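Peer 1: Chains as they are written, first to last, in the UniProt record's numbering: chain A, 1 to 320; chain B, 1 to 320; chain C, 1 to 320; chain D, 1 to 320; chain E, 1 to 320.
Please note: incorrect hints may appear among the correct ones.
Capping the alpha-carbon separation at 30 Å, the derived lysine-lysine pairs in DSSO-like fashion look like this [said to hold, decoys possible]: (1) D:K209 <-> E:K157; (2) B:K311 <-> B:K209; (3) C:K179 <-> B:K209; (4) A:K5 <-> E:K311; (5) C:K209 <-> B:K179; (6) E:K179 <-> D:K179; (7) B:K5 <-> B:K209; (8) B:K5 <-> A:K179; (9) E:K311 <-> E:K5; (10) B:K209 <-> C:K5; (11) C:K179 <-> D:K179; (12) D:K5 <-> C:K209; (13) A:K311 <-> E:K209; (14) A:K157 <-> A:K209; (15) B:K311 <-> A:K157; (16) D:K179 <-> C:K209; (17) D:K209 <-> E:K179; (18) D:K157 <-> E:K179; (19) E:K311 <-> D:K209; (20) A:K311 <-> E:K311; (21) A:K311 <-> A:K209; (22) A:K179 <-> E:K209; (23) E:K209 <-> A:K209; (24) B:K157 <-> C:K311.
Examples of chain D residues lying across from chain E (beta carbon under 10 Å, computed) [as the list claims (entries may be wrong)]: (25) I44; (26) S160; (27) T164; (28) Q196; (29) N200; (30) P309; (31) I312.
If you are wondering where the hints come from, they were derived from the structure by calculation, not from laboratory data.
All figures in this text were calculated on a predicted structure; none of them were measured in a lab.
Just so it is clear, CB atoms sit at the ideal spot from N, CA and C, and this is done for glycine as well.
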Amino acid sequence: MYIRKNLRWSVVWRLTWRSLVIFTIYNTLVCLLYGPLDFHFLDIPWQPVALLGTAVAFYIGFKSNGSYDRFWEGRQLWGSIVNTSRVWAIRVFDFVHPEGNADPRDHPELTALHRRLSYRHVAWCNALRLHLRRQTAELWDTEVAPFLPPDEAATAKNLSNPPTHLLRRQSVELRELVKQSLLTEFRQVALMQTIQDLFNAQGGCERIKNTPFPRQFAFFSFAFVWIFAAVLPLGLVEEFDHRIALGQYHVWLMVPFSVLVSWVFNVIELVGHTSENPFENDLYDVPMTSICRSIEIDIRELLEETELPPKIVPVNDVLY
Amino acid sequence: MYIRKNLRWSVVWRLTWRSLVIFTIYNTLVCLLYGPLDFHFLDIPWQPVALLGTAVAFYIGFKSNGSYDRFWEGRQLWGSIVNTSRVWAIRVFDFVHPEGNADPRDHPELTALHRRLSYRHVAWCNALRLHLRRQTAELWDTEVAPFLPPDEAATAKNLSNPPTHLLRRQSVELRELVKQSLLTEFRQVALMQTIQDLFNAQGGCERIKNTPFPRQFAFFSFAFVWIFAAVLPLGLVEEFDHRIALGQYHVWLMVPFSVLVSWVFNVIELVGHTSENPFENDLYDVPMTSICRSIEIDIRELLEETELPPKIVPVNDVLY
Amino acid sequence: MYIRKNLRWSVVWRLTWRSLVIFTIYNTLVCLLYGPLDFHFLDIPWQPVALLGTAVAFYIGFKSNGSYDRFWEGRQLWGSIVNTSRVWAIRVFDFVHPEGNADPRDHPELTALHRRLSYRHVAWCNALRLHLRRQTAELWDTEVAPFLPPDEAATAKNLSNPPTHLLRRQSVELRELVKQSLLTEFRQVALMQTIQDLFNAQGGCERIKNTPFPRQFAFFSFAFVWIFAAVLPLGLVEEFDHRIALGQYHVWLMVPFSVLVSWVFNVIELVGHTSENPFENDLYDVPMTSICRSIEIDIRELLEETELPPKIVPVNDVLY
Amino acid sequence: MYIRKNLRWSVVWRLTWRSLVIFTIYNTLVCLLYGPLDFHFLDIPWQPVALLGTAVAFYIGFKSNGSYDRFWEGRQLWGSIVNTSRVWAIRVFDFVHPEGNADPRDHPELTALHRRLSYRHVAWCNALRLHLRRQTAELWDTEVAPFLPPDEAATAKNLSNPPTHLLRRQSVELRELVKQSLLTEFRQVALMQTIQDLFNAQGGCERIKNTPFPRQFAFFSFAFVWIFAAVLPLGLVEEFDHRIALGQYHVWLMVPFSVLVSWVFNVIELVGHTSENPFENDLYDVPMTSICRSIEIDIRELLEETELPPKIVPVNDVLY
Amino acid sequence: MYIRKNLRWSVVWRLTWRSLVIFTIYNTLVCLLYGPLDFHFLDIPWQPVALLGTAVAFYIGFKSNGSYDRFWEGRQLWGSIVNTSRVWAIRVFDFVHPEGNADPRDHPELTALHRRLSYRHVAWCNALRLHLRRQTAELWDTEVAPFLPPDEAATAKNLSNPPTHLLRRQSVELRELVKQSLLTEFRQVALMQTIQDLFNAQGGCERIKNTPFPRQFAFFSFAFVWIFAAVLPLGLVEEFDHRIALGQYHVWLMVPFSVLVSWVFNVIELVGHTSENPFENDLYDVPMTSICRSIEIDIRELLEETELPPKIVPVNDVLY
């Protein structure tokens, strides 16, 4: 997620230089044909261009909305993971207890137990992140494994969907706790509800990841912008040429303004395009690494640990 | 679901060739009348055309939105089926257990039981898919029956709504488990809640399937685009004709540009139209076959099976 | 609900002939004044007309959205009734049972009981439909009464809100079942939750029924379209007149095109208007009769009845 | 809530006469300066006016949407109060009962108890309505007090938030019922859930009441319309003047058409404005008095009372 | 939150003077070049400007929507905090009680207990507010500490997320109450659900706070408005110049009108911009201080305290 209030020009440039160059060359070409070469074949009236521009503006507006909604839904899902993580932690702490009036001090393993359940949750968050970014192979050992018992970490890594497996482990452990009378049946069902909330968040992320913005909508939005940019100078060139006050050679003035309008339409399309997929580890992403770290800090603070890892800081204005 | 980032031109062509041909013939005809035949009867001013274009652009934008929302709701429903499938599986595994501290090893039938309940769930997913795509008759025996006890498969196939029947079987089996003290009443109610979630997803899909985008909105969107395409060259022809610099015969230049504008409006309408119904087994569908297979893999992996079926791969860029 | 993919021209004609006739007469009158009678008093420039057209297009677009949302919410509410009906049925079947390990065969009245609770539910669906369509007086005896004990049917019919009363009867019966030890308290509360879901769906339908689209929004949308249609030919007439190539009398050509543009705006408004109220038993309705029949078939099939009523078929392309 | 299908002209007039008069005077003045006084100083080209008009149309469209959403959310909240009222009633009737198989006839106070809990609920509905309309001081004694024990009515009236207090009384009474073994703990928690639903509805209404549409958005929408109306005749006057066919004095024709366009923009803004706040006891309100009466009738009918109050009827086409 | 119906001109001025000055200087400069200096180099036709204006109007409309939705979501989250606060209070009062028929008078500590749990809730509201506004360091001791036991206040202040810690304390205390038989397990789980609701509201606020409106969308909206303002006079200047009736020097009239149009576009952008972040303690904020005070009054009134703090009053028309 880009975090500077205004985009640096370098970022803008990187995003748009390709189209800028193409637009400039194309518009110059049109001017060259029309002006010096006096070739008026493709000069067309403005009306269809204006109408086309309006229709295209509608369509890229529609795509911008769709893209923004996808980003925001992705962010909301991770927001719900943050909330549910806290709920999981306090439920584990205050539900997993010896029944009746047994003295917790008779259960020295209780703290380790709370810790294992909480750490496995942190592991799940990280595993989900790697799964969404397709980084499980490279980063599992440093990002997920430290929060899990070694054998569990090794098993889960190679399954087709590691986060699902981790939630399943939580569920199995809860059942065992019931058998050990450390959890009542009623509270087990409440904790299973929390696992369901986590499955819902995970499944929502996978849905956005696996289902791109429908290609038929996205592609034509892209195609229309380029068609519009191709037609624009044909309609504009004569309008500039007519301005006798500008002198004949000032038809060249068309180039910057035509490029500008094409660029604006193109940027709207591009911004929509880059925001379509919020889990790609790029500039315009949901900052999952940062959110996972926050969850880790939260949970370890709730475990009353004092040596907490630092927050993730932005790299080149980007928070990952 | 089409999965290439950009549509192949063959796909675009298949989608739009009919209208392209019609637009071209019609516009040529108008030019022929106006130019060579010097028949100016139907030449009209541009203003009403522009206004019509704006109104039509609004309306097809509205339809695009509606269509996209239908697709996305369909996708969300199947996403919730994925989530609820996992929840069903772990609930079955960890709720269906002998009461108290009974040793599970005294219940060798338990594994088979978990398996039956999970497989029936996979059967339900497939049955719902076939039901939505109206393929129950052809594909039931290969896609659904293998996950069910033979007599159950035979019975369900011929009912008016097979997936409903399968969920009912799950419910009946849960009741029997309560009688056999393998499930507490409290956990039964929690599992019934999961069945309710599945019924909600199923009913949502059936609602979208059975209720098309209201025909009055859809039809006029379609009609307006064609009316607009019919009026467009009448308004445009003189604008091209006036360009004296282009020479008299260049009125023909109107044809490609008029066709282009008509085509853009038509494509927006068509893309909306093709995305209206997300459960039709076509190019722009929710990829239910693929999702069902993922659920199957998920659940069989949770059952610790090792011989898993392969993921569904796209056929000609389309994931079904 | 109209179900043909494209509206028949007869439907279009019925919907729009009145305005078409009025527009034609009015535009002809304007032409007559301007052309033959050479009365140019009301001829105005195009600019304010175009601006008015844009603003009106926005406003009717807004109304279309609102209308469509009302229809779709109505449809979703009935969709949720379908889902909750199935949930009600399986909950009744598998929750209402003698406690403990009592043999169900000792309770021969159990089947009748399940049937009574399910049939009363079908009665509720039908009663809600009649209540929304204000048909209780005529159709109660054929559509609702057959699913109820005779005295109950007679009592409910004359109350101010029959469906509310039927749900109340369900609730009372559940309480009695608890007293008779055929339902545990815990499952009673779960079934009461299902009744709450039904109350929510019922109340949602009543809200849409009783609260029209706010009249201030709806009326001005209607008024603006007619004002626009009144102003349109005044702005258009001279544009047609100026086309000298067309010859003097071709000012008459204005009539069809002005009527066309007026008609398009009018149709957008009308389509929005007719879709405002989804429970009126007309062409553009939620097909409640059909949905109720589906619920009946579903539930009777779940009751393992074999003589099921047929599905509702469309009448003149309309499913009621 | 205005209920006639079409607004009466008197209502339209009352809503818009002020701006109509101002627009007419202003436009006449501009014409006077331009025409007879031949003062062309402020005559400007049309282009910036058209652009301004488009931007303003967008903005008032945005405000219309926001206003309508506020109204509709207000209506939905009261809809949910209707639903939850019914749920409250049947839960009270069928949950508040002597435990076990005790004969209800041994509890003659039970009917009075159900009645007290239901009447207090009606009191809450009315109290919330008065609270939202700031009418507690005047109307409490006639609208709320009759449904409460006298001392309770007197106490609640003077608190800062009477409806909150009434719900609290319900909660306290439920606790006492548990102590008296007339309500099980499990059902108490379910009833407390219903109270939570009521708190959510109440809080939602208070939120809409206390948080106006953000003033920065609302004010500029208002300001832009007036700025646009001020600029419009300056751009329009010459367009009318150029129509030589109209004769010199026909510049006056600008007045009605400029006023008309200004009026349309103004009405869109005004309609949005008047619908912003749905709890103000005016023409465009949520009809809370009527809804409260419906709830009262519903609940008293469920209590099997036979002397029911009449429904609220509209006064001058307005349902309050 | 600004509360006057109409913004004071001083507020408008403060918001927009910078751009007004820049626009005026720039437009004057363009006029100076074009008019007196007769330098027509940059004079361009109107068409691309109009098209640009339309596209930009779309884009800032999209941003306005996004901003408004963020504000409204923030307000809804605090609305849900208000509701849940009341639910928390009555649940605490009526759930935390000695079990069975024990006489509450045997538990004189009960009142203090209810009070502690309610006051800690007020502390949580205030702590969340300070956390969102980054004021924990300055205001904790006056706004939060008075509602907490001294040592608890001191500990929480220095943690990375104080409100999370306070909710955790509530959860721990609930567990202890269970041990002391002042709370049944079932009611504990219900109260934990309320804590979950509070975590969801807190997490939602943090999400909006930590995730700005995506910078790529926001920045280009800003950039496009300024680009449009730069291009506008170039397109407008000749239109004014052509009005020969105005006299040569009247090209200067372009300045106010060009500035006006630029200003309108700029204001729409600015209003969107200032409403993006609803938790910044500025003019257009969610009034959290006022809401927190309302919650405090509500809860203390429910505790039957009589010395209540006053409501927060607006300062210079702004409610914080």
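Peer 1: All hints, please: hold or fail.
Peer 2: Right, here's what the structure says about each hint:
Of the pairs offered as hints, the one joining D:K209 and E:K157 is violated, with about 34 Å between alpha carbons and a cut-off of 30 Å exceeded. With a C-alpha separation of about 26 Å, the suggested pair B:K311 and B:K209 falls inside the 30 Å cut-off, and the hint holds. A threshold of 30 Å between alpha carbons decides the hint, and for C:K179 with B:K209 the separation of about 43 Å lies outside it, so the pair is violated. Between A:K5 and E:K311, the direct Cα distance comes to roughly 36 Å. Violation of the 30 Å bound is thereby established for this hinted pair.
Distance restraint check for C:K209 and B:K179: the Cα-Cα separation of roughly 46 Å exceeds the 30 Å cut-off, and the hinted pair is therefore not satisfied. In summary, the hint linking E:K179 to D:K179 is supported, as the alpha carbons are separated by about 21 Å, within the 30 Å threshold. Among the hinted pairs, B:K5 with B:K209 is consistent with the structure: their alpha-carbon atoms are about 27 Å apart, no more than 30 Å. Taking the CA atoms of B:K5 and A:K179, the gap is near 51 Å; set against the 30 Å cutoff, the hint is violated.
About 20 Å separates the Cα atoms of E:K311 and E:K5, which keeps this hinted pair within 30 Å; it holds. This hinted pair checks out: B:K209 and C:K5 have alpha carbons roughly 14 Å apart, not beyond 30 Å. Restraint check: the Cα-Cα separation between C:K179 and D:K179 comes to about 21 Å, which is no more than 30 Å; the hinted pair holds. Between D:K5 and C:K209 the CA atoms are separated by roughly 14 Å; this keeps the pair inside 30 Å, and the hint holds.
Note on A:K311 and E:K209: the hinted pairing holds, with a Cα-Cα distance of about 16 Å set against a maximum of 30 Å. For the hint linking A:K157 to A:K209, the alpha-carbon distance of about 20 Å falls within 30 Å, and the restraint holds. At most 30 Å may separate the alpha-carbon atoms for a hinted pair to count; B:K311 and A:K157 meet this at roughly 19 Å. The hinted pair formed by D:K179 and C:K209 fails the criterion: a straight-line CA distance of about 43 Å is larger than 30 Å.
Taken as a hint, the D:K209 and E:K179 pair is broken in the structure, with Cα atoms around 43 Å apart against an allowance of 30 Å. A C-alpha spacing of about 40 Å is found between D:K157 and E:K179, which places the hinted pair above 30 Å, so the restraint is violated. Between the alpha carbons of E:K311 and D:K209 the distance comes to roughly 16 Å, so the proposed pair stays at or under 30 Å and holds. At most 30 Å may separate the alpha-carbon atoms for a hinted pair to count; A:K311 and E:K311 exceed this at roughly 38 Å.
Distance restraint check for A:K311 and A:K209: the Cα-Cα separation of roughly 26 Å lies within the 30 Å cut-off, and the hinted pair is therefore satisfied. With a C-alpha separation of about 43 Å, the suggested pair A:K179 and E:K209 falls outside the 30 Å cut-off, and the hint is violated. For a cut-off of 30 Å, the pair hint linking E:K209 to A:K209 stands: about 25 Å separates their Cα positions. The straight-line distance between the Cα atoms of B:K157 and C:K311 is roughly 19 Å, inside the 30 Å bound, and the hint therefore holds.
For D:I44, the shortest C-beta to C-beta distance to chain E is roughly 6 Å, which falls under 10 Å, so the interface hint holds. With a least beta-carbon distance of about 6 Å to chain E, the hint placing D:S160 at the interface is held under the 10 Å criterion. For D:T164, the suggested interface contact is upheld, since its CB lies about 6 Å from the closest CB of chain E, less than 10 Å. Hint status for D:Q196: holds, given a least beta-carbon distance of 5 Å to chain E, under 10 Å.
Here the hint on D:N200 is kept, as its CB sits about 5 Å from the closest CB of chain E, short of 10 Å. Using the Cβ-Cβ criterion of 10 Å, the hint placing D:P309 at the interface with chain E is not satisfied: the shortest such distance is roughly 30 Å. Because the closest C-beta pair between D:I312 and chain E is about 28 Å apart, greater than 10 Å, the hint is violated.
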